[in-house]
Amino acid sequence: MTAAATPAPGTNPDGSPRVHYLNAAYGLKSWLLTRDHKRIALLYLVSVSVFFALGGLMAVLIRMELVTPAGDLFQPDIYNRLFTMHGVLMIFFFLIPGIPAVLGNFLIPLMIGAKDLAFPRINLLSWYLYSIGGAFTLWALLHGGVDTGWTFYTPLSTNYVTTSVITVGVGIFIAGFSSILTGLNFVVTIHRMRAPGLTWFRLPLFVWSHYATALIQILGTPVVAIAILLVAAERTLHVGVFDPKLGGDPVLFQHLFWFYSHPAVYIMILPSMGVVSELIATFARKPIFGYKFVAFASIGIAVLGFLVWGHHMFVAGQSIYAGVVFSVLSMLVAVPSAIKVFNWTATLYKGSISWDTPMLYALGFIGLFTIGGLTGVMLATLGIDAHVHDTYFIIAHFHYIMVGGAIMGYLGGLHFWWPKITGRLYPAFWSRLSALVIFIGFNVTFFPQFILGYLGMPRRYHSYPPEFQVLNVMSSAGATILGLGYLMPLVYFIWSMRYGPKAPANPWGATGLEWQTTSPPPVENFKTQPVVTAPPYTYPAPTPSPGVALGD
Amino acid sequence: MATEAHGTLAHHFDSLEQQKDSAVLGMWTFLVTEILFFGGLFAAYGLYRSLYPEVFRAASHTLSIQLGTFNTVVLIASSLTMALAVRGGQTGKGKLSALFLVLTLILGSTFLVVKGFEYHEKFVEHHVPGATFHFEGPDAVHAQLFFSLYFLMTGLHALHMVVGIALVAYVAKRAAGGAYTPENHNFLEGTGLYWHFVDLVWIFLFPLLYLIGRH
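One line per chain: the protein sequences are A and B, in this order.
Taking my numbering, the leading residue of the first sequence gets 22, the next gets one more, and so forth.
Taking my numbering, the leading residue of the second sequence gets 989, the next gets one more, and so forth.
Rather than coming from a laboratory, the hints here were simulated on the basis of the structure.
No residue lacks a Cβ here, since even glycine has one placed at the ideal position from N, Cα and C.
Computed footprint of chain B on chain A, listed as stretches where at least three residues anywhere in the stretch have a Cβ under 8 angstroms from a Cβ of chain B:
{"no.": "1", "segment": "197 to 208"}
{"no.": "2", "segment": "211 to 220"}
{"no.": "3", "segment": "244 to 257"}
{"no.": "4", "segment": "267 to 273"}
Subject to a maximum C-alpha distance of 30 angstroms in a straight line, what follows is the list of computed DSS-like cross-link-like pairs (lysine-lysine):
{"no.": "5", "chain 1": "A", "residue 1": "266", "chain 2": "B", "residue 2": "1110"}
{"no.": "6", "chain 1": "A", "residue 1": "548", "chain 2": "B", "residue 2": "1008"}
{"no.": "7", "chain 1": "A", "residue 1": "50", "chain 2": "A", "residue 2": "523"}
{"no.": "8", "chain 1": "A", "residue 1": "136", "chain 2": "B", "residue 2": "1008"}
Chain A extracted, bound-state conformation (with noise of 0.2 angstroms):
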């Protein structure tokens, strides 16, 4: 942060020094006091930065374990610590607010062309919720952690484990609300805030897919604090909603957790998919084909996402009618990703394609997200479910969407907009380098375990029989080229922040009212009121500005 805020301001062409929001004001208070919304965007990304190398350090202490078919690193109750904590950490620290609370509390006012947020002030609440909901985490972390799964499945987490069940639960309860507040905010600023001209359908599909990201964060972060507010009556006053000792049901638990878990998948992805719609039209320099059809289709996973919570629970005891219309919901959901997959498809046809970091990530994507969205339709069968529920299979698949999708997504958006952020340039080879490796390592990591669930290798086991040894070798090596790749964005990151060449307003030459004001954008966003008088994506735009290719 501070590295970005100390260079010497440059000046504006007409010779007065260059004012913007990272050198507006200097010291710690105006940063936590901030209630601008591109300052509150870099809060957000060095806290779920934290929370990220975190999860990601119990992955590798996972992978490590099951390097040897044997339980020999870690005692049973500190591995089933470990992957509960990876799966807290990831989901609810890092991949829910991941895209929203950077990507989107940074570009939803400059792409609606707006001075902020409706609600700035709740936007910096929003932030300190997630903080305390994270240190809360943190705490327990400490203190042994919780060894029930990301899930909390009732009864084992209501009567029988002794860790910090109350701890966590409140850590993710509050860290909920800072999710909920987020997409509110951002609703009413799509509703309310946009610039004059900009009607829906000129909207860029980011703000679309945050739109119904929001609403999900909306209808369905609620019903999952309920869930655990009753996890803990459960614990501390024994009254037996989810207990069957005491007349209540443990699958109850589980329908209120997925009413919400399940459209949560789709807080991580759709964002990133908004993301991956901008690259494919910059730097295939076309409008995306079907604009509509890819906009209504982010609304349509956002309501067909919370009709098929009971796909979880296919073996759990819930009726066999019941499974078969969730099955057939849940392959409903391939329908509108199957829309946005061939629209970007053909939005490359014949264009003129770009092979810069960003695009190669969205490409990235694209593959990982078909991959993982086909397995999907795979496990929304009944009968491939009963076989392979709760084996690798499962892991694999939503690893595919949750790190193979919204994670590429993530860093091809941090990519594309970093110079925006920064005002500052990174460097294209390495940057290139770190695509190729993450896409490398992702898939030497996950995709031996497809087939390691298939042939039979259950989740949550610290040991397995020898003959996956192969496998689970294959994947803890490519564990660690994907380790390698997450840290050279780092690397470069904040070398360029002190060290980069200066970013110009629009490096990629792309559409978008966020690439019509300076890099980093002035305090207020835009010096005068945008006005928009077209469609989005007027490829072919402005070539890029000269001098450009990020250092090649």
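Chain A is already provided as a structure; the job is to place chain B on it using the hints.
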């Protein structure tokens, strides 16, 4: 919700109208999340009510319908005074608005006091779930489940009432000080929406917990 709605126009809005629209839409959106929050408990109640109708009916009969009805009337009256208080804000009559807010405050507190007496009655009758729970009749386990849900749902509602009363007290003080104008009384309006919502939750709780199955 609409903390930045105090005073005049915040820096990032173009007009007071846009600011007001945003504040009101924000509050409505927040209330949607509240509906989903209570929705989880309503779903649990609906499920168990349909699974164990007999014992739920028997347990429901032990609740005091007189106190419940009284409290329902009190809350509906408080919604009226709250609506009049918001009207006072819209027409720029700060003192009148403050008066109605104080009335709302009194009615809301009355509700909580009566609720306290009801809870006390449950303690005396050993209808509070836990080691001392006792219920005459078959299937005491599921009767206890009814009372668990009763305390969770009315308790969460009462918690929302406490927050509402604190908000109303704050808004009353500001209204008396003339803080709300016909152009900008967003915080007052947001508090009003919240109050009506909490009232409405009770309008659903009352028949579900007290009335269904009584002939």
